[in-house]
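Student: The lines below spell out each chain.
There are 2 protein chains.
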Amino acid sequence: MALFIGVDIGGSKVLAAAVSAEGDVGRVARRTTPGRRVEARLVEDILSEAVAEVADGEPVAGVGIAAAGFVDADGESVLFAPHLPWRDEDVRARLADRWGTVVALDNDANCAALAELRHGAAREVGRQAGDAVVLTLGTGIGGALILGGRLHRGRNGMAGEFGHMQVVPQGAACECGGSGCWEQYCSGNALVRDARERIGLEPTLLERLCGGNPDQLTGPMVTAAAEEGDLVARQAFASVGEWLGVGVANLVAAFDPALVVVGGGVSAAGDRLLEPARTALQRSLVGSPHRVVPPLVRAELGPEAGVVGAAGLVRSAAAGLR
Amino acid sequence: MALFIGVDIGGSKVLAAAVSAEGDVGRVARRTTPGRRVEARLVEDILSEAVAEVADGEPVAGVGIAAAGFVDADGESVLFAPHLPWRDEDVRARLADRWGTVVALDNDANCAALAELRHGAAREVGRQAGDAVVLTLGTGIGGALILGGRLHRGRNGMAGEFGHMQVVPQGAACECGGSGCWEQYCSGNALVRDARERIGLEPTLLERLCGGNPDQLTGPMVTAAAEEGDLVARQAFASVGEWLGVGVANLVAAFDPALVVVGGGVSAAGDRLLEPARTALQRSLVGSPHRVVPPLVRAELGPEAGVVGAAGLVRSAAAGLR
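Chains as they are written, first to last, in our numbering: chain W, 1 to 322; chain X, 1 to 322.
Where hints are given, some of them may not hold.
Unchecked claim - Far from chain X by the CB rule (all over 12 angstroms, computed), these chain W residues:
1. G11
2. G23
3. D24
4. V25
5. G69
6. R98
7. R193
8. P203
9. P214
As the list claims (entries may be wrong) - Stretches of chain W that chain X covers, calculated by requiring three or more beta carbons in the stretch to come under 8 angstroms of a beta carbon on chain X:
10. 70–80
11. 157–169
12. 243–251
13. 256–263
14. 279–289
Derived from the structure by calculation, the hints contain no laboratory data. If you're wondering where the values come from, they're calculated on a predicted model, not measured in any experiment. Just so you know, even glycine gets a beta-carbon here, dropped at the ideal spot from N, CA and C.
Bound conformation, chain W alone (with noise of 0.2 angstroms):
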């Protein structure tokens, strides 16, 4: 039988995997992304390789791309990618030529989402049509809206741009542009920072762990450290679950979805962000004790969540479904 591949191309690494129907996860390549000051065809060229070296010689029935950025509503074309050369280039088209198959797009967090709503933590909202909120908290926030069971895209294909919502005034500065963006408070990003500026203060296991220099620690060393009882790496996850479950808040409060599912690698920490931010959400999510408040759980697909969402995207798109 013919594969079918899902391509993840975020902002560092690329990784490409055949995916059964089921959602399991069979041979992966994987390659470092260029960056976006490159020529968009050496993006291209490197997808080809990977997605070779998991065909190794098998026919492949398409190829499913998860793009870490902007996608048009109609899956054509990536309109901009803050890591990536692609600027309003019609992607699809042109990857379904060069490769002689069929080849659906989206954005990284709606494929996600859409392997969440298949194989994972959302499943029953899929069976029952019903509505979700689905985060990705890694270097920022991924953020997808399934609404009556399916992925709410908007007009622009940008729907679910939660991490760019305003929470601060004139907060910290976002890469966006704007400033005091969700994602500056509640992200990768933002626990490395908050526990960065913690060391030098406290006396933590934070500092061995990044040699003594602050500027080498990442957000797996914040996650070990806090395994480990320190207090400080502690700390930067009871804020950033904090803001987690004000951020929510605000959701519901405009969705009122049956769920909310939280993955990525900050959701590693599984209960220790949760934890604090279903207390938040509680806490803030307006008509509480009259209302049925959504459970947040943690998604279930892992790192793998892009590839296995887009993968079931070109299978749905070689069904002519989307």
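Fit chain X to the given chain W structure using the hints.
Tutor: Just chain X now, with coordinates in the frame of chain W:
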């Protein structure tokens, strides 16, 4: 032909009206809302009087009720209403029994949005089964979300509570029990508070309009003074307009609608409110150079939007639709 009647029960006033299929308002009746510290029965007596006055002996085909409060997703119960005595009460069935006619129930912001969708500023969105955000700026912010040309009510029927999204951490205390809610900065109350705080600091027409007593200041006074060129009143509109744009940018980032409609008493100021809002929206919205920024327009139906929408709602219910 039997009448379809809409009733809008707000925090201070009850407005009832016969409404044609085209959304034209016929005979109206007005009452005062008795407040929340009375028997539910008393409110229902007042609604009955108002409906009887509108009917004036003619047969009634259905009554639609727009209530200022949380209505459940099935349109059966008022779960909670800050200004009304109803607490989790099955208002719809009770009034249908009492009046022996079809009764439909929804919250006032949803009814206003339905009216704009069928007969007002969101007609085109309705025809194209598109997406829109509808805001009603009165005492607070009423909100509704139109998705695929239909109201999105959410799991609890509480979608669209945009006014209680937190925009300022540890901000102004809100009646909902939270703090820093958007409606504390962007509403009729916010307008009056802002103007009040400037009285005494600068010479202003407002001082004369409120007889030298800032406690007597009302929203319409601020609107009138701004119309006369009063700078303090204009600053108050500029501030509320700025907050309107910032909050709308948050909603557009999340939902990416084709249109944003602003109604309610504060919108009577027209571009004095909407121009600063458009500027702030363009500036605050993520990726605005790469997207179609939705038009931010004034609602068309004025203070009768609620009764028009409620009557439309019961017309659909009587036809077996919802």
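Student: Run every hint past the structure and note whether it holds.
Tutor: Verification of the supplied hints:
no., hint, verdict
1, G11, "holds (16 angstroms)"
2, G23, "holds (26 angstroms)"
3, D24, "holds (31 angstroms)"
4, V25, "holds (30 angstroms)"
5, G69, "violated (10 angstroms)"
6, R98, "holds (25 angstroms)"
7, R193, "holds (17 angstroms)"
8, P203, "holds (29 angstroms)"
9, P214, "holds (25 angstroms)"
10, 70–80, "holds (count 3)"
11, 157–169, "holds (count 12)"
12, 243–251, "holds (count 4)"
13, 256–263, "holds (count 3)"
14, 279–289, "holds (count 3)"
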